[in-house]
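Engineer: Since chain A is already given, all that's left is putting chains B and C on it; use the hints.
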Amino acid sequence: MLIDGLLIGGLIIVVGIGFSLCFGVMHIVDFAVGEWVMLGAYTGYIMVRYFGYDPMIYLPIIFLIFCGVGWMIYPLIYRAVSGKRHNPVIMGLVFTFGLSILAKGGALSVWGYHIQSITTWLSGKSISIGVLTIPALRFAGFVFGILVTILFMIFLYKTKFGIIIRATAQDRDTANLLGADVRKIGGLVYSLYAGVTGMSGVLIGTLFSIHAAMGAKYCTLAFFVVVLAGMGYVPGVIIAALVLGLLQSFVGVYIGGRYTLVALFMVMYGVLLITPKGILRRGI
Amino acid sequence: MELQASKAQAVPVPSVWRFTPLGLLLVICLILPWLASPLWIRIATEVLMWAGLAQSWNIIGGYTGYLCFGHGAFFGLGSYVTGLMMVKLGWPFGIGLLFSGILASLLAVIIGYPTLRLRGAYFAIATWAFGEMVRQIATILDVTGGAFGLQLPSFLNLRYFYYVMLAVTGLTYLTTYFLLERARFGYKLLAIREHEEAAEMVGVDTVSIKMKAFALSAFFPGVLGGIYAYWVTYIHPDSVLGAQLTDFMVVMAFLGGIGSLWGPFLGAVVVQLVQRILWLFWGEGTFYLVIIGAAICAVVLFIPNGLIGLMESRFLSPREAVSQLRKTFKW
Amino acid sequence: MILQSNDLVKSFGGVTAINHLSLTVEKGTVFGIIGPNGSGKTTFFNLVNGVYTPDSGRVTFDGKNITGLHPHRIAELGIGRTFQIPAPFTKMTVLENVMVSTFIRASSLKESRKMAWEILELVRLDDKGNTQVANVTLEDRKRLELARALGTKPSLLLLDEVMAGLTPSEVKAAIELIRSLRTRELTLIVVEHIMDVILSLCDRIAVLDYGQKIAEDIPDQIVNNKEVIRAYLGERYSARN
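Protein chains in written order, with this note's numbering: chain A, 1 to 284; chain B, 1001 to 1331; chain C, 2001 to 2241.
The shape of chain A in the complex, shown without the other chains (with noise of 0.2 Å):
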């Protein structure tokens, strides 16, 4: 039970580590987090209904194709958080909601209230490490997620790019005038950020039901993530992330499945108002 939590963990740590960066540099909420996870889920899907072949062959496609998308809706999202007028953050924060209700009703239209699932060689297979016997399947979602951290992590911590994120994040203005082009910035975590999540997506529609209004669920577990974590505060995630999967299987056990969410929601609101800059104390 211990293990299954904290393999489905590592998954949202992809997810996370992405929306707290988006926040962290942009400061940008994005409420369609769930639907970004929802879309690649669906275009794993198709992908796989159309051309056959193993749904983690497609993963990089999607992970490029994300990027564009995610690229070309970028400039959108910063007029929108740019503007003179209100309160940027809320207001990138309801363009973000506007795009969630898009895409979500977008797939309903589209799909309909079916669900889906996608299967890969790794479905049904089990890996023995040591005495324990785990799932094939988690277990490459686990493998996923801490690669794409370990990635992250070298990107943002040793390449030049990765320091000017942190940078930028760190305080906007300044990076600005040291040269960095904030804006370009912010497209290029935002265009990294929507591609990474697409690709664990697909990863989550192999592991659970692909449905059009699975974007809510991914939504609150991203928020609950960065939340625990502290906004902009990215080696929180991790930790929060291993929390997560720890709460959700536990309270699965000894509770009750229809609990989870409630214990979910009451850590997080707990959280929100004893430490709203995460347990860590480090968001912003």
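For the record, the hints were derived by calculation from the structure and aren't laboratory data. You may find that some hints are simply not true.
[To be verified] Simulated crosslink set (SDA-like; lysine to any residue; CA at most 20 Å straight-line):
hint : chain 1 : residue 1 : chain 2 : residue 2
1    : A       : Lys217    : B       : Ile1137
2    : C       : Lys2172   : C       : Gln2084
3    : A       : Lys277    : C       : Gly2014
4    : C       : Lys2153   : C       : Ala2164
5    : C       : Lys2114   : B       : Glu1181
6    : C       : Lys2114   : B       : Phe1185
7    : A       : Lys217    : B       : Tyr1122
8    : B       : Lys1088   : B       : Gly1145
9    : C       : Lys2153   : C       : Gly2028
[What the hints assert, rightly or not] Quick list of simulated restraints, FRET-style, between CB atoms:
hint : chain 1 : residue 1 : chain 2 : residue 2 : range
10   : C       : Thr2016   : A       : Tyr254    : 46 to 54 Å
11   : B       : Ile1095   : C       : Ala2134   : 57 to 65 Å
12   : A       : Thr159    : C       : Met2195   : 44 to 52 Å
13   : C       : His2070   : A       : Leu273    : 18 to 26 Å
14   : A       : Ile61     : B       : Leu1035   : 53 to 61 Å
15   : C       : His2070   : A       : Lys160    : 42 to 50 Å
16   : A       : Met153    : C       : Asn2135   : 47 to 55 Å
17   : C       : Ile2085   : A       : Phe155    : 49 to 57 Å
18   : B       : Ile1140   : C       : Ser2022   : 57 to 65 Å
C-beta atoms are modelled at their ideal positions from N, C-alpha and C, and glycine is treated no differently.
Structural biologist: For chains B and C alone, coordinates are given in the frame of chain A:
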């Protein structure tokens, strides 16, 4: 307030002609049930409900600037309170409604106390989490009928419900007019929205004012929820506590024009109209969501003051529109 | 004695912004506070105003202990304040901005409006009364800042770098305006960077450096104070002189 920019020069004696469109609307609303078919009465009742809901949200979201993404919870609470009072306690409808409103306000005060301390995005997320939590709880509890919903006593009188809805929505608008547009309370809310710290600095007790606004904004959805419950006779956590309720409130208020008196009304009418026209021609249930989502994005990008704002400011000339578009996509 | 701070201390994380600061301001005077950037001037205002609560120490206003009170309560008691960077209520008119601040003194909306017009006349903004704040120049926004602070009918007014960003002629106008505010009923504490302004306006000046008061005296003496020169211009300059 900018939408009625000449408030400072407001003529104390209202000219009769200014009230004509309003008077006309009122007359139409009052005689509608005697002229229209049952279908249209039902549609009108629903539009009125949404107009009231959107305006309620507008109080805390539009005027005060605290976007509550869980406002539907107050509607749902109202539904269940009235429902349970009538079913389990046998109390009359009116009393149920009163309790719905009061309990909704009470709930707002309870969760508002800690939540209103959060700023912008955090408040939105916290209220969103709160809304979902309430829905989950309603699904789990047995007293509410859990996932099976709650059945209320049957009362099929379309005109009755129309007038009750009209009365409550009317009350919502009257309250907004007198307390927010014409009183110091409204100015204080706007000040909080524009710059909360500065508002504190000039003597506005922001904590207390925000709580009052939140409680007020929860009262009407509570009552409206109660009416809805008795009207449709059967309620369920997904139907009265789902996120789509809040979504609609937010959409209507934004589309019509947040922070304005008639914006939410306009938004409610437009959204309902779009929804039904699409249902008529396309037959399906969900495509209108795409239109609505796109509309919100368009509103944020181009007309953040909503349709009301559009009517008050000048329209962009084609060349200006094109240059705006080019500026958006230029890298 | 209208305002007194006793041994105020305020830290943020590892930085001590205010380090055992004690000041006394006499009623009806113009008291100046100067100091290099980061010396804690704005933080001091925030402490007096109620925006921050000191870690230790006390602020007394007109005999009353106001430490830790909410800003709106302090405004009610009679302390007004302007922001360094004007923070008007953008979606309202100039008049409406001032009206909001009169709410604690006026008993009706009508009276608020009347009071607000009077204040606008005082600061020479009455011609812009019905203009949206968004359409108003920086200098006018600064006047609005002042007007709004005056709306609460304060007995103590904290002016935080009113001159910043103004052209020389605008500065002159601002000095005129501030001078005209001097009455027995209104005490002013002015934070400024422009030496000429401070020296000409103030009765007494305190100099802050790293959150501490390094000097307090009449203007003529302050300019010759060795510590002050050292704080502003550095060791080597003062050593040279």
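Engineer: Can you confirm whether the C-alpha distance between C/Lys2114 and B/Glu1181 stays at or below 20 Å?
Structural biologist: Distance ~18 Å between C/Lys2114 and B/Glu1181 Cα, so the pair holds.
Engineer: Quick one, are C/Lys2172 and C/Gln2084 close enough, alpha carbons at most 20 Å?
Structural biologist: Satisfied, since the Cα-Cα distance of roughly 18 Å is no more than 20 Å.
Engineer: Within 20 Å, alpha carbon to alpha carbon, are A/Lys277 and C/Gly2014?
Structural biologist: holds, 18 Å
Engineer: Given the hint of 44 to 52 Å, check if A/Thr159 and C/Met2195 actually sit that far apart at their C-beta atoms.
Structural biologist: Hint holds: Cβ distance 48 Å, inside 44 to 52 Å.
Engineer: So does C/His2070 sit 18 to 26 Å from A/Leu273, Cβ to Cβ?
Structural biologist: holds, 20 Å
Engineer: Regarding the pair C/Lys2153 and C/Gly2028, is the alpha-carbon distance no greater than 20 Å?
Structural biologist: holds, 15 Å
Engineer: Confirm or reject the claim that B/Ile1140 and C/Ser2022 have a C-beta distance inside 57 to 65 Å.
Structural biologist: holds, 59 Å
Engineer: Between the alpha carbons of C/Lys2114 and B/Phe1185, is the straight-line distance 20 Å or under?
Structural biologist: holds, 18 Å
Engineer: Starting from A/Lys217, check that the Cα of B/Ile1137 is at most 20 Å away, please.
Structural biologist: holds, 16 Å
Engineer: Starting from B/Lys1088, check that the Cα of B/Gly1145 is at most 20 Å away, please.
Structural biologist: This hinted pair holds, its Cα atoms lying about 11 Å apart.
Engineer: If you draw a straight line from the CA of A/Lys217 to the CA of B/Tyr1122, is it 20 Å or shorter?
Structural biologist: This hinted pair holds, its Cα atoms lying about 18 Å apart.
Engineer: Quick check on a hinted range of 47 to 55 Å for A/Met153 and C/Asn2135, using CB atoms only.
Structural biologist: holds, 48 Å
The structure fails to meet hints 4, 11 and 17 from the earlier list, while all remaining hints are met.
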